[in-house]
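Student: Listed here are the chains, written in short residue letters.
There are 6 protein chains.
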Amino acid sequence: MYDVVTLGETMLRLAPPNFERLEQARTFDVTAGGSESSTAVGIARLGLKAAWVSKLPDNPLGRFIVNKIREHGVDTLHVVWTKDGRVGVYFLEFGSSPRSSQVIYDRKGSAISTLTADEIDWKPILKGARLFHTSGITPALSKSCAEATIKAVSEAKAAGCKVSFDLNYRSKLWSAAEAKACFSEVRKQVNTMNTTIEDTWQVFGMSGTHEEIAGKLKDTFPVDVVAITIRDPRTVRTATWTSIAVEANRLYKGKVYELEIVDRVGSGDSFTAGFLYGYLTGNVEKGIAYGDAMAALKHTFPGDITWVTEGDVLDQIKGQDARIRR
Amino acid sequence: MYDVVTLGETMLRLAPPNFERLEQARTFDVTAGGSESSTAVGIARLGLKAAWVSKLPDNPLGRFIVNKIREHGVDTLHVVWTKDGRVGVYFLEFGSSPRSSQVIYDRKGSAISTLTADEIDWKPILKGARLFHTSGITPALSKSCAEATIKAVSEAKAAGCKVSFDLNYRSKLWSAAEAKACFSEVRKQVNTMNTTIEDTWQVFGMSGTHEEIAGKLKDTFPVDVVAITIRDPRTVRTATWTSIAVEANRLYKGKVYELEIVDRVGSGDSFTAGFLYGYLTGNVEKGIAYGDAMAALKHTFPGDITWVTEGDVLDQIKGQDARIRR
Amino acid sequence: MYDVVTLGETMLRLAPPNFERLEQARTFDVTAGGSESSTAVGIARLGLKAAWVSKLPDNPLGRFIVNKIREHGVDTLHVVWTKDGRVGVYFLEFGSSPRSSQVIYDRKGSAISTLTADEIDWKPILKGARLFHTSGITPALSKSCAEATIKAVSEAKAAGCKVSFDLNYRSKLWSAAEAKACFSEVRKQVNTMNTTIEDTWQVFGMSGTHEEIAGKLKDTFPVDVVAITIRDPRTVRTATWTSIAVEANRLYKGKVYELEIVDRVGSGDSFTAGFLYGYLTGNVEKGIAYGDAMAALKHTFPGDITWVTEGDVLDQIKGQDARIRR
Amino acid sequence: MYDVVTLGETMLRLAPPNFERLEQARTFDVTAGGSESSTAVGIARLGLKAAWVSKLPDNPLGRFIVNKIREHGVDTLHVVWTKDGRVGVYFLEFGSSPRSSQVIYDRKGSAISTLTADEIDWKPILKGARLFHTSGITPALSKSCAEATIKAVSEAKAAGCKVSFDLNYRSKLWSAAEAKACFSEVRKQVNTMNTTIEDTWQVFGMSGTHEEIAGKLKDTFPVDVVAITIRDPRTVRTATWTSIAVEANRLYKGKVYELEIVDRVGSGDSFTAGFLYGYLTGNVEKGIAYGDAMAALKHTFPGDITWVTEGDVLDQIKGQDARIRR
Amino acid sequence: MYDVVTLGETMLRLAPPNFERLEQARTFDVTAGGSESSTAVGIARLGLKAAWVSKLPDNPLGRFIVNKIREHGVDTLHVVWTKDGRVGVYFLEFGSSPRSSQVIYDRKGSAISTLTADEIDWKPILKGARLFHTSGITPALSKSCAEATIKAVSEAKAAGCKVSFDLNYRSKLWSAAEAKACFSEVRKQVNTMNTTIEDTWQVFGMSGTHEEIAGKLKDTFPVDVVAITIRDPRTVRTATWTSIAVEANRLYKGKVYELEIVDRVGSGDSFTAGFLYGYLTGNVEKGIAYGDAMAALKHTFPGDITWVTEGDVLDQIKGQDARIRR
Amino acid sequence: MYDVVTLGETMLRLAPPNFERLEQARTFDVTAGGSESSTAVGIARLGLKAAWVSKLPDNPLGRFIVNKIREHGVDTLHVVWTKDGRVGVYFLEFGSSPRSSQVIYDRKGSAISTLTADEIDWKPILKGARLFHTSGITPALSKSCAEATIKAVSEAKAAGCKVSFDLNYRSKLWSAAEAKACFSEVRKQVNTMNTTIEDTWQVFGMSGTHEEIAGKLKDTFPVDVVAITIRDPRTVRTATWTSIAVEANRLYKGKVYELEIVDRVGSGDSFTAGFLYGYLTGNVEKGIAYGDAMAALKHTFPGDITWVTEGDVLDQIKGQDARIRR
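Line by line, the protein sequences give chains A, B, C, D, E and F.
Just so you know, the working numbering puts 150 at position 150 of the first sequence, and the rest follows in order with no gaps.
Just so you know, the working numbering puts 155 at position 155 of the second sequence, and the rest follows in order with no gaps.
Just so you know, the working numbering puts 157 at position 157 of the third sequence, and the rest follows in order with no gaps.
Just so you know, the working numbering puts 314 at position 314 of the fourth sequence, and the rest follows in order with no gaps.
Just so you know, the working numbering puts 281 at position 281 of the fifth sequence, and the rest follows in order with no gaps.
Just so you know, the working numbering puts 261 at position 261 of the sixth sequence, and the rest follows in order with no gaps.
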């Protein structure tokens with residue numbers, strides 16, 4: 001019986017070290033990266049029981065992905081193994097001002113893009129679960145993935161789970177119109193939604209302050225909570241991070257973190273992990289406190305995956321000075 | 001004006017160091033690997049003017065591939081750049097007895113698989129060229145690639161080039177029947193053909209000693225020269241290498257090299273480079289002498305590409321002892 | 001409900017690369033290494049449900065250890081976390097003839113050495129389990145560890161599990177007399193025992209051929225099966241591997257593998273994993289077939305942990321040639 | 001037929017990673033670095049046809065240098081190969097405030113220092129070329145290099161090429177008086193000149209604002225265009241970059257870039273490449289726009305060589321925010 | 001005959017690269033780190049004759065430690081070698097805002113913790129020496145170490161050496177009360193004392209401005225000189241550094257350095273080295289000038305040990321701009 | 001007062017890892033390598049007091065060299081520091097059959113080549129020393145080096161030291177005739193001489209069995225002992241090693257070691273170290289026993305320098321099996 005179940009793709013992430021451009025790479029650092037598995041990892045590391053569901057080819061690369069998720073205690077027993085398809089790959093180039101970081105996706109034909117709505121028996125997985133989470137990437141992967149996502153959300157709702165949805169718009173995968181249409185379909189099932197103003201602008205054409213957008217989202221969709229994460233880049237390697245959330249007309253504001261960025265990929269998913277953990281074990285206020293601390297910490301070490309403990313989170317919430325801890 | 005023109009795919013090669021299994025990789029060494037480009041590189045390094053033709057996506061990974069070929073002086077001006085498709089990838093795991101080395105191909109949907117027969121204007125490329133070379137991998141990539149290969153071979157013949165063909169059967173790409181059918185189509189245009197007894201067994205069902213197979217191939221197909229490369233593995237990390245060739249009923253036998261293998265991938269293509277160079281600048285005897293030396297040396301350093309000079313080849317032909325050269 | 005439960009210490013393993021001596025190290029490769037966890041990993045990778053029980057300090061190094069075990073699907077929920085003690089460390093120097101490899105242990109004061117007989121509630125862990133496994137290292141760690149081991153073996157027996165014991169004598173930890181005394185205490189509970197002739201000579205003073213020793217062990221102790229692993233080193237970096245087993249007066253002989261050694265540490269534990277898997281899912285014959293293949297493969301990649309699948313094992317049992325697999 | 005031809009030395013660049021001091025190095029990153037070849041690479045990457053002329057020893061290190069230049073499509077056919085002399089080496093130590101970066105040159109006796117005025121047949125190389133470029137380093141290498149440089153400049157002028165000259169004063173190679181004398185000799189042939197105020201102060205004793213110095217240079221020497229690059233260091237690892245240029249009494253000012261420096265070496269040569277490309281395909285305004293973007297980008301990845309495309313340049317000119325590009 | 005003799009522990013320092021967290025380490029960079037040996041190295045590098053005294057196990061790790069100290073010309077002949085005990089280890093995780101750096105000590109049971117007051121014959125070592133230095137870490141290691149420290153200080157005094165003491169309070173090793181008691185015992189022998197306001201607050205409960213605390217210390221203890229080092233962290237990776245000193249009621253203030261931190265560990269010990277060198281070869285003013293420059297430089301390269309020359313120090317004192325030095 | 005004093009050049013050694021060819025290098029492993037300093041290191045590690053004399057430029061690379069020698073306890077106080085000249089460099093490419101290893105020297109203009117006979121005041125250095133050692137490389141570096149070598153040998157003799165000379169013929173540095181002439185000059189002062197049959201053939205034209213050559217050398221030159229080292233390469237990466245020595249008409253034969261070669265450079269110098277240590281502390285028999293063990297071990301780890309202890313040597317002499325030592 002899991003506290004949280006997530007669904008989504010995880011890819012092989014290949015990144016040259018030391019700010020090398022992709023074209024000058026001599027080696028790649030090899031890790032696993034995927035929005036929903038990163039969220040599951042964060043939740044498991046904070047102490048809840050999490051499962052991640054996906055579809056992978058039965059080869060060393062597929063096993064690599066699963067290993068890197070279950071290494072953190074996430075249950076991967078419900079991953080569907082297949083002889084077909086490939087492991088999606090993404091190439092990550094780290095930038096430095098004025099050159100921004102860059103991702104090249106090579107995910108076409110990945111095993112999960114062949115996932116069908118009937119392929120996963122959700123009942124035993126979701127039985128007793130408190131929350132199901134996925135993001136806008138999953139339905140964007142293929143038509144059958146969109147169907148499988150809608151099915152999963154419905155089953156979650158039916159099983160009595162809360163549903164969390166990260167808008168996560170990827171313009172390389174589908175159009176804003178498609179994203180909007182899909183979200184319109186799932187929105188009634190969604191309890192907590194998180195996003196950025198960049199994504200809400202692109203998908204819904206909403207503009208305004210963060211607070212206004214949170215309000216509009218809350219008004220437009222019948223969700224319980226809307227959280228908006230706010231990364232304000234100063235340079236490519238420095239930024240501030242915070243978030244706001246709206247629940248029942250009440251606005252919550254997170255703490256602002258000053259960041260010296262080592263690797264920002266996965267910070268949104270770390271926020272989601274912290275937010276959902278805080279929300280499930282407390283309330284929205286605890287959610288954004290944990291979410292912001294998780295996201296801020298994620299910027300400070302390499303990889304998508306969030307190597308953070310609850311102790312680290314509490315240190316940040318309390319306020320940690322810049323001195324060495326001995 | 002080129003001496004030799006080759007056509008084929010080159011992939012990103014990703015290999016974990018230190019005999020790590022793919023599943024335990026933390027970094028990949030990143031190089032470029034492709035049969036026909038490796039052959040072009042070998043020929044260019046020995047001193048002839050070589051061009052390599054292919055199709056690649058216009059992104060950092062496509063440029064990476066081209067860079068690693070032209071680094072050796074091979075002309076890449078005729079590579080077709082495209083917005084579509086991806087760079088093929090192959091993952092290489094180095095073995096040690098009793099575990100053999102292993103390759104996982106991830107080349108589906110590569111840019112070159114969309115190559116069509118009309119896409120390359122061969123006349124200016126082949127004008128004045130002495131030899132055109134490709135391998136059985138190129139037509140196996142897709143139906144349109146098969147057509148493009150047949151077209152290229154015909155144009156080469158028409159332009160007065162010799163045609164070289166490496167059978168290079170890849171069972172993951174097509175069936176033996178398909179390979180046989182394709183080869184039957186090109187065989188009349190082919191002047192020099194090289195292969196292994198493993199491949200002739202799989203594609204043509206021919207068996208017997210190396211000499212018998214060379215003879216059968218020579219009898220079956222109207223080619224001028226048949227060369228057979230012979231790697232006799234003792235363990236995963238040691239082997240012997242030699243070759244034989246038949247021309248006009250005369251049999252040539254190469255020198256036998258004892259190998260301490262560092263990386264055997266690309267050794268067949270190095271043989272082809274040495275063989276074609278020797279054949280074009282001398283005769284079949286010089287061809288297998290150069291081919292064997294090139295292939296033997298290729299086993300001793302990492303990567304598909306053959307970092308060898310003519311001086312190195314002559315040292316091997318003369319016989320180099322195991323002492324350090326100062 | 002687990003198929004197999006194991007108990008023992010896992011350490012941080014620190015090894016300089018490229019045959020550097022410890023004294024000249026500039027970097028260490030960091031992995032986790034421990035006899036019983038390696039066995040659990042091997043069993044889990046072959047498809048049974050395995051749990052590993054231990055005691056670790058609640059810090060990043062303790063979490064590192066657990067991560068590297070559960071990465072392979074082994075359940076680590078029953079590891080005891082403590083504020084006291086440290087993670088044991090071992091330093092490994094790779095040799096090359098005529099210099100043999102060398103291990104320096106720095107395990108004194110490790111968290112597990114404070115384990116007491118009452119600290120683990122075995123009943124829920126062992127409920128329904130088919131086999132409990134530990135080795136002679138665990139009782140050697142401290143007096144309280146010896147008591148905890150004896151307790152665990154008794155509880156396993158009481159719970160209806162088979163008990164497996166790897167003699168694994170470590171002269172740095174205790175004397176042969178102490179080892180013998182401890183083994184005398186547990187022997188009645190043990191169903192399958194594995195060891196080497198080096199260890200039986202040191203602990204029991206038994207000499208003779210492998211077959212004779214297996215017989216003597218079988219006669220002396222009331223165990224069902226005795227397996228003896230036989231590594232015959234030719235040089236520091238080459239060896240042969242095989243094993244024999246005796247069950248009910250029947251002698252089984254394994255296949256002899258020729259090894260090009262990359263890293264021999266953990267091969268005995270891989271044997272045990274393969275043997276126990278084969279034995280539990282078949283019989284002693286299958287056990288040594290699987291055990292020998294697992295052990296032979298373990299020599300060919302870095303780290304204590306066995307990155308092997310059942311497919312790899314079957315390839316070895318069938319006989320894999322030294323050619324590259326594409 | 002080349003658009004641009006450059007002449008100069010390229011050295012082996014050896015740099016310890018991770019801000020290690022040279023004295024504590026355990027490994028060196030190995031790349032090639034030279035002012036005029038970097039400029040040729042930048043121009044070739046932007047799409048013009050470039051050749052680089054030099055003199056190198058015929059050994060693996062000489063080949064290494066040529067490989068790293070032709071990897072980017074620069075023609076190296078006119079490099080003079082010799083049995084004598086060595087490859088120049090420079091050691092680079094990366095600084096961090098308050099420790100500045102440091103270069104140790106070990107270039108004495110390099111093959112190019114033996115270059116004589118008669119050794120290169122410039123007519124076929126320069127035939128049809130639009131521009132010839134060299135820097136103040138080339139004549140400083142030796143007396144015969146100074147003669148060869150003057151000869152090359154004259155031949156370029158005679159062949160109808162524009163001539164570009166980067167003052168590039170190196171006080172370790174010659175005195176300011178020698179540099180001034182040499183420049184006085186070539187100045188009549190030079191069309192575009194670029195430099196810094198540090199160099200103009202040292203060589204010509206000119207002081208004043210950047211604009212005043214550009215004016216003085218323009219007045220003193222009969223060149224068409226003077227460009228001055230302006231790096232304003234804030235700390236060792238941050239700076240701003242911009243440039244100004246004067247042509248026919250019109251002053252052009254470049255955009256100011258904020259830099260998070262990864263590796264600043266070669267940024268001046270990248271500016272020159274961008275400037276010459278923009279100037280040849282447009283005008284001075286385009287020149288400094290391209291030059292500044294190229295230079296700013298060069299600070300953000302390792303190595304002297306500029307791994308930049310025209311798309312990257314246009315992104316910078318347009319203004320790229322600090323967010324990740326997906 | 002030595003100018004300076006120091007006494008203390010040096011540990012193996014293990015640190016993952018690239019801001020990896022300890023839990024995600026794949027390799028550790030291996031260096032040696034210890035307060036008093038770093039001070040001895042700094043003094044030796046500046047040109048005085050220094051010896052470092054300690055106790056180490058006679059194994060490759062003990063030799064590693066000694067090698068890394070004598071590599072800089074420090075005499076290690078008086079190190080006590082033992083069969084017992086281990087080399088202390090510390091694990092260092094580099095932080096980035098908002099995550100601070102972290103040290104995990106694993107030094108219990110180290111060889112030096114068994115050091116007794118009688119084990120070292122100080123007379124021949126200290127004969128003719130000008131200064132003896134140790135820090136508050138040494139007496140904190142064990143009861144016998146405290147006795148050995150007090151003995152050493154007394155013998156130094158008796159031998160006519162000045163005594164230098166760095167308060168260096170480590171709360172993991174002993175309580176503030178214990179530290180205070182020990183310091184009260186040695187204070188009469190101490191000539192120069194250096195510390196931070198953090199440590200004086202923790203150990204003596206003193207608060208106030210830096211100047212006030214320096215005064216209070218000076219008044220409370222009969223020492224000749226008190227130096228206080230002041231690191232003002234802005235972020236985890238940037239800070240300012242300076243120091244003040246009081247001698248005979250005169251206050252000296254050091255220069256303020258802006259730091260881009262690569263590795264701050266060992267900077268206090270570098271200060272001490274520079275301070276003692278400057279003090280012994282000049283006066284307190286020279287002491288803090290050298291001390292601050294040494295400390296500022298130490299932040300800019302990896303490792304505890306200070307790879308600095310007197311030329312580097314003079315460059316900083318003079319003021320070095322951020323441009324590259326060629 | 002030293003037991004042994006050596007004189008010679010030490011270079012920066014740059015070697016690509018993993019059997020990469022120099023031309024394909026991406027990084028170099030950086031170590032120090034020089035015949036006479038390696039010998040001094042070996043002797044110091046075995047327990048005698050050794051000093052190494054040389055001349056180096058006063059820069060980070062010169063300090064690097066000295067650091068790597070004194071790291072092992074060798075005294076480097078008598079190294080002459082200069083503002084002129086450079087650190088010699090050698091590039092090492094590791095081979096694998098059939099490609100042999102290769103060294104490219106870049107040592108011209110090194111600081112030591114400017115050494116003059118008057119530059120070193122030998123009296124205080126050699127006072128009380130038991131043995132002075134140099135090799136045929138030192139006089140070959142320059143005319144003034146030849147004079148300085150002859151002077152040093154004479155002073156050693158005058159000071160009552162034994163003199164040891166390793167013929168070490170380097171054909172890149174001088175002709176066989178020059179080497180022979182120089183050796184004729186020093187031979188009367190030489191007590192122990194060691195060499196190989198390759199060198200005696202090249203320099204003196206002597207042929208025959210090892211024993212015959214040893215005899216001829218002994219007869220021709222008035223030396224006390226002649227030692228001949230015998231490396232019999234089987235492949236590039238395997239060989240056997242042994243030695244013979246003749247003293248007063250008695251022939252001594254060393255043990256034959258089977259080698260799995262990691263890095264053979266410096267093994268001759270390790271032999272010399274072991275031989276001289278054994279000879280000085282015992283006799284010729286002990287000398288070749290220690291020399292062979294030292295040389296055999298040197299083949300098994302990277303670098304010129306011999307990271308061996310007397311314990312390791314005794315293990316080899318006793319005979320160490322290929323099992324792991326725990």
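The hints are simulated quantities; they were obtained by calculation from the structure and are not laboratory data.
It is possible that some hints are incorrect.
Because identical chains share one entry, a pair is satisfied inside a single copy or across any pair of copies.
Think about it this way: if two alpha-carbon atoms lie no more than 27 Å apart in a straight line, the pair counts; the simulated DSSO-like pairs of lysine-lysine are [unchecked claim]:
id : residue 1 : residue 2
1  : Lys-172   : Lys-253
2  : Lys-49    : Lys-83
3  : Lys-253   : Lys-127
4  : Lys-83    : Lys-108
5  : Lys-83    : Lys-318
6  : Lys-180   : Lys-255
7  : Lys-318   : Lys-151
8  : Lys-286   : Lys-172
9  : Lys-172   : Lys-318
10 : Lys-83    : Lys-143
11 : Lys-218   : Lys-255
12 : Lys-180   : Lys-151
13 : Lys-143   : Lys-49
14 : Lys-157   : Lys-188
15 : Lys-180   : Lys-318
16 : Lys-123   : Lys-255
17 : Lys-255   : Lys-83
18 : Lys-157   : Lys-172
Student: With reference to the structure, classify each hint as holding or not holding.
Tutor: Hints, verified against the model:
1. Lys-172 with Lys-253: Close neither inside one copy (32 Å) nor across copies (37 Å); limit 27 Å.
2. Lys-49 with Lys-83: between (29 Å within a copy, 23 Å between copies)
3. Lys-253 with Lys-127: Neither. Shortest intra-copy (34 Å) and inter-copy (49 Å) distances fail the 27 Å Cα cut-off.
4. Lys-83 with Lys-108: Both: 16 Å inside a copy, 15 Å across copies.
5. Lys-83 with Lys-318: Between copies only: 22 Å across, 49 Å inside.
6. Lys-180 with Lys-255: Classified as neither: same-chain Cα gap 30 Å, cross-chain 39 Å, threshold 27 Å.
7. Lys-318 with Lys-151: Cα proximity of Lys-318 and Lys-151: none, with 41 Å in one copy and 44 Å across.
8. Lys-286 with Lys-172: Classified as neither: same-chain Cα gap 34 Å, cross-chain 32 Å, threshold 27 Å.
9. Lys-172 with Lys-318: Answer is between; shortest inter-copy Cα gap is 22 Å, intra-copy 40 Å.
10. Lys-83 with Lys-143: both (20 Å within a copy, 23 Å between copies)
11. Lys-218 with Lys-255: Cα proximity of Lys-218 and Lys-255: one copy only (22 Å, versus 42 Å across).
12. Lys-180 with Lys-151: within (17 Å within a copy, 47 Å between copies)
13. Lys-143 with Lys-49: Answer is neither: 30 Å inside a copy and 36 Å across each miss the 27 Å cutoff.
14. Lys-157 with Lys-188: within (10 Å within a copy, 55 Å between copies)
15. Lys-180 with Lys-318: neither (39 Å within a copy, 30 Å between copies)
16. Lys-123 with Lys-255: neither (39 Å within a copy, 47 Å between copies)
17. Lys-255 with Lys-83: For Lys-255 and Lys-83, neither the intra-copy (47 Å) nor the inter-copy (31 Å) Cα distance is at most 27 Å.
18. Lys-157 with Lys-172: Neither: 29 Å inside a copy, 44 Å across copies.
Of the numbered hints stated above, those contradicted by the structure are hints 1, 3, 6, 7, 8, 13, 15, 16, 17 and 18, listed in ascending order.
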